[in-house]
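Asks: Top line first, the protein sequences correspond to chains R and G. For the first sequence, position 64 matches number 63 in numbering that gives the first Met the number 0, and the numbering has no gaps at all. For the second sequence, position 92 matches number 91 in numbering that gives the first Met the number 0, and the numbering has no gaps at all.
Be a bit skeptical, because a hint or two may be false.
One copy or two, either will do: identical chains are not told apart, so a pair holds if it fits within one copy or between any two.
Stated by the list, open to error - Straight line, CA to CA, 20 Å or less: simulated DMTMM-like cross-link-like pairs of lysine to aspartate or glutamate:
hint: 1; residue 1: K19; residue 2: D7
hint: 2; residue 1: K24; residue 2: E60
hint: 3; residue 1: K57; residue 2: D10
hint: 4; residue 1: K22; residue 2: D7
hint: 5; residue 1: K16; residue 2: E73
hint: 6; residue 1: K24; residue 2: D37
hint: 7; residue 1: K59; residue 2: D11
hint: 8; residue 1: K59; residue 2: E47
hint: 9; residue 1: K57; residue 2: E73
hint: 10; residue 1: K59; residue 2: E73
hint: 11; residue 1: K22; residue 2: E47
hint: 12; residue 1: K59; residue 2: D45
hint: 13; residue 1: K22; residue 2: E60
hint: 14; residue 1: K24; residue 2: E62
hint: 15; residue 1: K55; residue 2: D37
hint: 16; residue 1: K55; residue 2: E73
hint: 17; residue 1: K19; residue 2: E73
hint: 18; residue 1: K19; residue 2: E60
Quick caveat, the hints were computed from the structure, so don't treat them as lab data.
Here is how the chains run, residue by residue.
There are 2 protein chains.
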Amino acid sequence: MIYLVIYDISDDSLRLKVSKFLKSKGLRRVQWSAFVGDLTTSQLRDVESGLTLIMKGKMKEGERRNVQIYPLTERQFQQRIVIGVLDERGEENVLM
Amino acid sequence: MIYLVIYDISDDSLRLKVSKFLKSKGLRRVQWSAFVGDLTTSQLRDVESGLTLIMKGKMKEGERRNVQIYPLTERQFQQRIVIGVLDERGEENVLM
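The whole structure should be built from the sequences, with the hints applied where relevant.
Replies: Below, the structure written as structure tokens:
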């Protein structure tokens, strides 16, 4: 099954950790804070528990820290509408 | 059908315009740069053409300007995994 992972993480280093983690699990970036991957149920559990671990810890005042994972079919992914420029670079490419 | 709209727009005023537009079309914010709405096909076309119009125009060097719209079933939306704090405030609540 395909999963779309979108995240809103205001802390720069945490956000970079999340994007590197998702890449390490074979997901592919489709937007600055969005990744897609074809995962088995156990791979999904692995991603979910890994993210939960990374995101643990006390939040600072006003900090935003949220990840959402949506199941999609291949057909729904193909049906997606893209408006504007697809920029598959990410922070790890830009910041490095 | 439910649609998840995710956007990566680096220009502050353009990003605010997009979020206000999506709200005006009845979509609900689920993350800082993500909205969800139950739309008919013609409502979807209306959202797509409105976003295309808003996003038109020359981009500055290094600017990011991308919107993606994913179809989802109600069940898939219910199955979504949320990790971390759900913060349904948005820029228009914070900046105002």
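Asks: What label fits K19 with E73 when the C-alpha limit is 20 Å: within, between, both, or neither?
Replies: This pair counts as neither: shortest intra-copy Cα distance 24 Å, inter-copy 30 Å.
Asks: Are the CA atoms of K22 and E47 at most 20 Å apart within a copy, between copies, both, or neither?
Replies: Close inside one copy (14 Å), not across copies (30 Å); limit 20 Å.
Asks: Regarding K55 and E73, is the shortest C-alpha distance of 20 Å or less found within a copy, between copies, in both, or in neither?
Replies: neither (31 Å within a copy, 29 Å between copies)
Asks: At most 20 Å between C-alpha atoms: does K59 with D11 qualify within a copy, between copies, both, or neither?
Replies: Only inside one copy: K59 and D11 sit 13 Å apart there, 23 Å across copies, limit 20 Å.
Asks: Please sort K22 with D7 into within, between, both or neither, judging by C-alpha distance up to 20 Å.
Replies: Intra 17 Å, inter 19 Å, cutoff 20 Å: intra and inter.
Asks: How would you classify K24 and D37 at a CA-CA limit of 20 Å: within, between, both, or neither?
Replies: Within one copy only: 10 Å inside a chain, 32 Å across chains, cut-off 20 Å.
Asks: Up to 20 Å between alpha-carbons, please classify K19 paired with E60: within, between, both or neither.
Replies: Neither. Shortest intra-copy (25 Å) and inter-copy (25 Å) distances fail the 20 Å Cα cut-off.
Asks: Classify it for me, K55 with D37: is the Cα-Cα distance of at most 20 Å met within a copy, between copies, both or neither?
Replies: neither (25 Å within a copy, 33 Å between copies)
Asks: Is the C-alpha distance from K59 to D45 at most 20 Å within one copy, between copies, in both cases, or in neither?
Replies: neither (27 Å within a copy, 39 Å between copies)
Asks: When Cα atoms must be at most 20 Å apart, do K57 and E73 count as within-copy, between-copy, both, or neither?
Replies: neither (37 Å within a copy, 33 Å between copies)
Asks: Checking K59 and E73: alpha-carbon separation at most 20 Å within a copy, between copies, both or neither?
Replies: Neither: 38 Å inside a chain and 34 Å across chains, both beyond 20 Å.
Asks: Should K57 paired with D10 be assigned to within, between, both, or neither, using CA atoms and 20 Å as the limit?
Replies: Within one copy, since 12 Å is at most 20 Å while 30 Å is not.
Violated hints, listed in ascending order, are 2, 5, 8, 9, 10, 12, 13, 14, 15, 16, 17, 18; each of the other numbered hints is respected by the structure.
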